[in-house]
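Mind docking these for me? Both chains are given alone in their own frames, and the hints should help you get the complex.
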Amino acid sequence: MKVSKKIVAKHPLAIRWMHWINFPVLAVMIWSGMLIYWANDVFSIHAGNKTYFHFFPDSFYKALNISYRLAEGMAFHFVFMWIFFVNGLIYVLYTIFSGEWRYLFPDRHSFKEAWLTVLHDLHIRKTAPPQVKYNGAQKIAYSAIIVMGLGSVLTGLAIYKPVQIHWMTSLFGGYGNARVIHFILTIGYCLFFLIHVFQVILAGWNNFRAMVAGFDIVYDKQDPPAAGDNPSPDNNPVPVTGGSQQSPVNAPLIHQIPSHE
Amino acid sequence: MSETPQIPPADNTPQSSQTPTSSVPPAPQPPQPGVSAQQASIPPASADATPSQPAAPAPKSHHPLSTTRRVLRRAFGKDEQLTIEQQIKRRTLISFSVFAILGAAAWKSWFLLKNQPHDNGVPKLLRKGLDADQKVFKHTLSPDHLVPTYPRSLASTHTRRNGDAGMNPKGFDPQAWKLQVTTADNRGLSLGIDELRQLPKTEFAFEFKCIEGWSQISHWGGVKFSDFIKNYNLEKEAAMQYVGLNTPDKQYYVGIDMPSALHPQTLLCYEMNGQPLPIDHGGPLRLIIPVKYGVKNLKRISNMFFSNERPPDYWFERGYDYYCGL
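Residue numbers (my numbering), protein chains in the order written: chain A, 15 to 275; chain B, 1151 to 1476.
Okay, chain B solo, but in the shape it has when bound (with noise of 0.2 Å):
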């Protein structure tokens, strides 16, 4: 935006400002509103070739840069010919077009992002931003980085209780219930909850995190999913990128990162608050992984298997973020 002083036309640009014709010494740094780009940019020779004559033709020596100044200036007008009501008027035009203009730019920008083709239940550019969420944040995310526990008394004997898919009871036996799992060598492996329970166990009461924003101290015992891959000597298989779950009847699933399921923290648990895990808390095992939030903790887990491709994910379908890491 060019700032520029009511000058009168009969002085020259350079010398009336500097020396004011007031009776105020100038100050160390004078109040002198800023000269515009257009016009600091123009040579004193150039300014000099319009002294008196406001609407004075064109200079006749030619120099390409100066046919695109006459240009700018004749379609501008230039400030120290106008009278301050049309500097103030020129001034505010061009300032109110230009934000007009930038304005609309954004009115129209909003509407061609939010009516954008979906990726995943989300408009395509937002998808790529929460990606690119992923890429920023999966740095901070550290084996050294343990989510708070509690002792055991500050978790609620209440424990919350959300979202059904795969849940169905209909048609699910926990006494024939096995953990499924797709190895490398596709023999796979075929385990009991006795099994598990036969591996080292963790227990913590951490505060469990809910998409939909509320939070619960919780307690959960299991084995450390970095225990059961080393027990199970799965590290080919946990040397892909992501570990793919599913529920017994396929209807839930999810998809987690390698460095999240390897965390110290991820537990395949199969105890809440020192008791077997109950059916309706996803009994006989559960994923509880507290760097994610609780969408990805699935219940009921059935398959196991790896990838380096994302495995489905039914958040991630219905529009939500992939990663969930907190």
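Chain A on its own, in the form it takes in the complex (with noise of 0.2 Å):
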């Protein structure tokens, strides 16, 4: 069996810039909301009179030495707002014009194809479906968290000027209630960090080098891989050279992704 290891664009270099800057921008908004959540720190999660967690306990606030810093935690989530604002926007402007929503945004399929992704992560199902670039559970989380990183800006906005812009604070159910979503939103980004990171392990070296070298490799065979079969340097030893053998540019691959310039 002929094997071939070639390199292909995965991520843009844009979309990488933007990936790690929006990281430590998304954990100073993170940090620096819980100094601001610690000055009136209501919400819990209860059913009756029967309280399960409240948010935070105090040995949280110690750890991560929270209290007392209001002041601080305005004065940096209201600064990097921007950041984070002006780099999610140019992230979803880019991903509009270069055309790099169409491995984003989910279809149809991306459903089916996520719940498949999902049973071959619990090792229920053997192979994985054929995906280009992401597949449909990443499809789906990707989407999901743009969305997400909207309602923040939103129901930020909605708390930051609840008188001047009190149309957008009513139409998230007013100002308490804005408060619980922007609250809720930025725990939903602390588990989807827990999780993509996990998958990020899990997947590989090859994948997260892509978010930083922007390539990906793939292997052309004569006899094509199993569909799903996912190949990385490490269960693939088979030690191709480039001076050796002439590289068929064009064909068939698993990832089929156009250029980035």
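These are calculated hints, taken from the structure and not from any lab test.
Treat the hints with care, as some may be off.
So these bits of chain A aren't anywhere near chain B, every CB distance computed over 12 Å [said to hold, decoys possible]:
{"no.": "1", "residue": "18"}
{"no.": "2", "residue": "52"}
{"no.": "3", "residue": "122"}
{"no.": "4", "residue": "137"}
{"no.": "5", "residue": "140"}
{"no.": "6", "residue": "181"}
{"no.": "7", "residue": "208"}
{"no.": "8", "residue": "216"}
Quick list of the computed label-pair ranges, beta carbon to beta carbon [as the list claims (entries may be wrong)]:
{"no.": "9", "chain 1": "B", "residue 1": "1251", "chain 2": "A", "residue 2": "217", "range": "47 to 53 Å"}
{"no.": "10", "chain 1": "A", "residue 1": "56", "chain 2": "B", "residue 2": "1385", "range": "17 to 23 Å"}
{"no.": "11", "chain 1": "B", "residue 1": "1271", "chain 2": "A", "residue 2": "97", "range": "19 to 25 Å"}
{"no.": "12", "chain 1": "B", "residue 1": "1310", "chain 2": "A", "residue 2": "137", "range": "50 to 56 Å"}
{"no.": "13", "chain 1": "B", "residue 1": "1281", "chain 2": "A", "residue 2": "161", "range": "29 to 35 Å"}
{"no.": "14", "chain 1": "A", "residue 1": "97", "chain 2": "B", "residue 2": "1268", "range": "41 to 47 Å"}
{"no.": "15", "chain 1": "A", "residue 1": "81", "chain 2": "B", "residue 2": "1340", "range": "41 to 47 Å"}
{"no.": "16", "chain 1": "B", "residue 1": "1307", "chain 2": "A", "residue 2": "68", "range": "24 to 30 Å"}
{"no.": "17", "chain 1": "A", "residue 1": "161", "chain 2": "B", "residue 2": "1385", "range": "23 to 29 Å"}
{"no.": "18", "chain 1": "B", "residue 1": "1310", "chain 2": "A", "residue 2": "81", "range": "18 to 24 Å"}
{"no.": "19", "chain 1": "A", "residue 1": "81", "chain 2": "B", "residue 2": "1337", "range": "47 to 53 Å"}
{"no.": "20", "chain 1": "B", "residue 1": "1467", "chain 2": "A", "residue 2": "137", "range": "28 to 34 Å"}
{"no.": "21", "chain 1": "B", "residue 1": "1265", "chain 2": "A", "residue 2": "56", "range": "29 to 35 Å"}
{"no.": "22", "chain 1": "A", "residue 1": "123", "chain 2": "B", "residue 2": "1307", "range": "56 to 62 Å"}
From the three backbone atoms N, C-alpha and C, an ideal C-beta is built for every residue, glycine too.
Structural data, given as structure tokens:
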């Protein structure tokens, strides 16, 4: 079996920049948000009179040194919000105008694919559905996170200017509700982050490198690999040298990714 | 970042990418990985200059740009002369180096920002940011943007009280209280609560918002600040940019930008829930300014003055935004 390794473009430079800018900026937003929330930490998960979890326990505040830093939190929050917003806006515009949205936006197959991917991840199903750049579950998750980002900006605005932009505050069910939504979205980011990092670790080095270096490595075989076989250098040790063979540039790939310049 | 396909060294670059050796017909937009900016900028003649001798010395023709290119090429190597493994290594190394340098720079900047000298309780750059926020959002302030009001029945009867600065009960005699206004002619005004009660009264219930995050619907009555200005002919004073207020003991003090002070819902308030304003809520007279957080709603107003400079502000000095506009 003849195998050739090749480099294909995966993530455009712009998307890598915006992804890695967003990571620390969102971290600052969540941290400063906690400094603000501490001053009136009224949210909890409860039913009837029973409280199951209070956001947040004293030990949590103590461990992260959250207490009595409201002014600092507001200062950071209301400065870094601009970076978060502008970076997100450029991302959305870039995604729309570059056509990248085609890989990102879920279509009618995505939900079935997402289900199959979940089954695969849970080791219930042996093969994962074929994918172009992102699988169904990724499409849904990454699109949802953009919608959540928009939600955070809008609920944030509703809380920040509840008099001047009070129609926005009303849209979210009032000042108190806007705060609840803003908070839940933040919890959502934290959960997303945990799952995301976990999945990235599972997906391996090749996938992670693509978000830094931009390229992915695919394997052309004369016998096409089984659908869903996601090769990585580790499980395919066949050494291939660039100078020793002709490379079929336009051979069918698992990842059919157009060039990004 | 360069995105270069694996190119057999015997081929020359432009040709091999245009005429794929594969039998698969080229797609309208062939899925050929991108060409690097560096590579794309190399004219064919230059690319042809080193066709079959990978480590060939520099071509003889001298052009100022080609020297730079040669240096760059020597430093980073040329993709088509490397094996696929070398290409992967090279590009990974370059990308992760840049990534690490930028990451370290961001880490360093974070601590530079946090450890900056403070301007009124926050790092200087953040103070500049907060002031810039004001420049943006003061444009959304309009006398037509009113805080939603509620029927009085929705107002809480247990109106929340927060903050004791300037509210020391010792040494304060409500009966002897007067509002002292510094005027432009330096004669000043000294007004009792009965005089203020004779001015047109405005009352409403609205959702009072504390900077801590809680809010409560409460009912207030008093004279609009703008009506007060009109009645006492303080137009000249109100043409200034700020109004400053403080408590009798000067322990609590706020500065308010004039457009917010003149907003039609800003009250010199002497009633809460239809009753004379209780002492512990700032009686006889407090400020109710729905376009600001509670921290600006000064209780127990004693002095009022006008200025084109920002009057001192208690919470501003402790790291909060001066504007605090809602």
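| Violations among the numbered hints, reported as their numbers in ascending order | 1, 2, 6, 9, 10, 14, 17 and 20
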